[in-house]
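Mind docking chain B with the ligands on chain A? Use the hints.
Line by line, the protein sequences give chains A and B. First residue of the first sequence: 1, per our numbering; consecutive thereafter. First residue of the second sequence: 1, per our numbering; consecutive thereafter.
Warning: the hint list may mix true and false statements.
Unchecked claim - Derived pair list, reagent style SDA-like, types lysine to any residue, alpha-carbon separation capped at 25 Å: (1) K105(B) - A175(A); (2) K54(A) - P19(B); (3) K34(B) - Q55(A); (4) K120(A) - A175(A); (5) K54(A) - K105(B); (6) K307(A) - L324(A); (7) K395(A) - L72(B); (8) K395(A) - Y52(B); (9) K307(A) - Q106(B); (10) K105(B) - L61(A).
To be verified - Calculated Cβ distances over 12 Å to all of chain A for the following chain B residues: (11) C44; (12) L61; (13) E63; (14) M71; (15) S92; (16) K93; (17) Q94.
Stated by the list, open to error - Ranges of calculated distance between the beta carbons of each label pair, as one might list FRET restraints: (18) T5(B) - L219(A): 55 to 63 Å; (19) G306(A) - N9(B): 48 to 56 Å; (20) N82(B) - Q139(A): 54 to 62 Å; (21) D336(A) - L58(B): 19 to 27 Å; (22) P185(A) - E17(B): 47 to 55 Å.
No wet-lab data here; the hints were simulated from the structure. Where a beta carbon is used, it is the ideal one built from N, C-alpha and C, also for glycine.
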Amino acid sequence: MKQKVVIIGTGHGGIQAASSLREEGFEGEIVLISDEKEMPYQKPPLSKGFLQDKQTEDAILFRSVNFYQNNNIDLRLGAKVCKIEPNNCQISLENGEIISYNFLIIATGTSNRKLIIDGKLVENVYFLRNLVDAKNIQQKLKESQNIVVIGGGFIGLELAALSIEKGKNVTVIEAQSRLMERVLPAIVSNVFYETHQQNGVRILLQTAIENITTNEVILKNGENIKADLILAGIGVIPETSLASEAGIACENGVLVNEFQQTNFSNIYAIGDCANHFNAFANKNLRLESVQNAVDQAKVAVNHILGKPQPYHTVPWFWTNQYHLKLQMAGINSDYDETHFRGDIEGQKFSVFYYKNQKLVAVDSLNRPADHLAARKLIQNGISPTFEQVADLALKFGELCC
Amino acid sequence: MPQITYIENNGTEHQVELPLGATLMEGAVQNDIKGIVAECGGSCMCATCHVYIDDKFLDLLPEMEEEEDEMLDGANAERRENSRLGCQVRISKQLDGIIVRIPEKQ
Ligand SMILES: Cc1cc2nc3c(=O)[nH]c(=O)nc-3n(C[C@H](O)[C@H](O)[C@H](O)COP(=O)(O)OP(=O)(O)OC[C@H]3O[C@@H](n4cnc5c(N)ncnc54)[C@H](O)[C@@H]3O)c2cc1C
Ligand code: FES
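Isolated chain B, as found in the complex:
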C-alpha cells in the first residue's frame, strides 16, 4: 500500500499506509490527523479538507476539476500553487511517498 506522510500545522508528522483508491481526506480522517475537518464527507462541498501537496508530486495528481478549483478559492487558509482538496485526490501507486501538509485553518 502506498505510504503517505501527513504533516500537521504544528509540525507533527504521521506516516500512514493507505489503500489504493482511498482519498487523502479519508486517509487523514481515519488516522485521526488533526486539521482536516471534512464536514461534507467528501462531496466537494465544504472546502474543509484543504491540503498542500509536496511539489515533487504535483504533476502526478489527478487533474483538478473546475468545481474543486472554485472551492479552493473560497478555502479559509491561503490558497497556494500546491493547494488541493483532500477529498478529490485518490491514492494511486504513483503517489507512494507523497508528503501532505495541513494548513493552519479550514
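Next comes chain A alone, as it looks inside the complex:
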C-alpha cells in the first residue's frame, strides 16, 4: 500500500515539506492544500521587493507552475481545511470533501492580531500577511499621501521605509519606548530610529491611540494625525484552531517534540504555528522565520521517512530597511554580556551576545560575513574570545571549520 501525506498550508513550511518528500525519494501520494487561491509564493518579499515594485508576483513564486504536476504533488488551492479527525486519519475541506492520510503535516502559519481599541475592533486598518493583503496595500498606497503605521516592529518598519521612499508622509506609532524593542538592544534599534527619522519618517514612541476615524488617528495626548491609509503590524497569533478543535495539544502554537510530532504520532506541525523546545533559546517558543519553517519541514519529512534527526538548527532572521541590512543569528533573549565588532558610528557592526561566556546570538548590521560565520559558530558551540570578536583582522572562518 502506498503511503499518503497530507500537508495543510503552502508557506515556506508546506512547500519545503512537499519538495523534500520528493527529493528524499518518497513515492506515495502528496496532497498539498491551501486556502489561498494564488500559486504558492514567498511572504518575506511582500514587505520588501514586492511593495517596492522591484519584484513582480511571478518573481516571488516558490516554484514553477509545472513543478507540482511534474512532481506528482496534488496541489489544492482555494481549499480551506475545516476539520481534522485524528482517530479516523482524515481531514475535511469546506466543500465537504474528505481526504484520508497516513501522515498529516500542519503548516498553517499565523494570522494578524487585530487592532482593538476600547474593546472595539477597528475596521479601516490594513494588515499585511498574504498576497491579497499586499495587493490591496499596493493599490491604496497609490491613492494615499498620508500614511500612518501602527506598530514599530519588523513589518511595520519595512512598510514605513518603502512608503517614505515612494514620497509619502509617514508616521509610525509605537507603544514601547524603542523600535523593535522585544528583539533588539538599544544600540541596534537606535540606528533604525535615526535612519527612519533622517529619511523623514515621524516616529512616535510610547504613544497610545485614543481612537481611529475614517481619515484620522487620534492620540491619547490629543493630537490628530491625518491618515489616508492606516497600516498595522502589531503581532500575530498562531493558526491553531483546527488543531485544538481536533484535540491536538496546543499552547501558544501546536505543541511538538524534537521531531515535530504532536501528541498524535502521525500528525506533525511545523513553522510559525509550531511551539517547540529550542535548544538555542533553552526554552519553548514559536519562531516566525523562513529558517524555522524550512528546517522544521525537513525534520518532519525525515521522521516520516524513517530517518529521524531532531530539530537542532541555529535560528536566523533578517530585515531590510533603506541601506540597513540586519541579520540575526541565535536568540538574544537571555544574555549577560555583549561585545562589539566593527564600526558602530559607520552603521557596520555586529553585537555578540554571551551567556556564561558562551556565544548565544549575534546581530549583524551591514556585516553579512559576520552573520554567516556566527551561524556556524553558534551551531558548533564555538565561542570566540572577546579579543577575537573585536579583532577585525581575524576571519571567523578560521575558527569554525
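For chain B with the ligands alone, kept in the frame of chain A given last:
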C-alpha cells in the same frame, strides 16, 4: 529573450529563456533547477543562490557590491574567481548564451 544554460552539479543541463531583468536565481527557481535554495528570496541575505559563471561572461556581469562579496565568503561551497550570488545578477541582452554552473552544496 536571452538564453541561459544552467548545469546542475550532477551534470544535468537545462536551457531556458529568461525575461530581461529577471535574476539568475529567479530563473533557476522558476525552472525547478536543483541546487539553488534561495532561502531569503533574493534579499542577498542567505548565500544559498551561489553559482559559478562561465569565464567568458564574467566581465559582462554587473559589478559586485560589497555585501555580495562578503556573503560569498561565507557560502557553503568553495568560493572561486567566478562565484556570484544568483539573486544579484540580472539578465541583460549581453548575457544571452551565458552558462551557469551550480555548486555541490549551498
Ligand atoms: C510581510 C512579511 C514579511 C516577512 N519577512 C520575513 C523576513 O524578512 N525573514 C523571515 O525569516 N521571515 C519573514 N516573515 C515570516 C515568514 O514569512 C514566515 O515565518 C513563514 O512564511 C512561515 O511559514 P509557514 O509555512 O509556517 O506559514 P505561512 O507562510 O504563514 O503559511 C501558512 C499557510 O497556511 C494556510 N492556511 C492556514 N489555515 C488553513 C486552513 N485551515 N486550510 C487551508 N490552508 C490554511 C494560510 O493561508 C497560509 O498560506 C515575513 C512574513 C510576512 C507576512
Ligand atoms: S537568494 Fe538569498 S542571497 Fe541570493
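Structure versus earlier hints, numbers of those that do not hold, lowest first
1, 5, 6, 11, 14, 19, 20, 21
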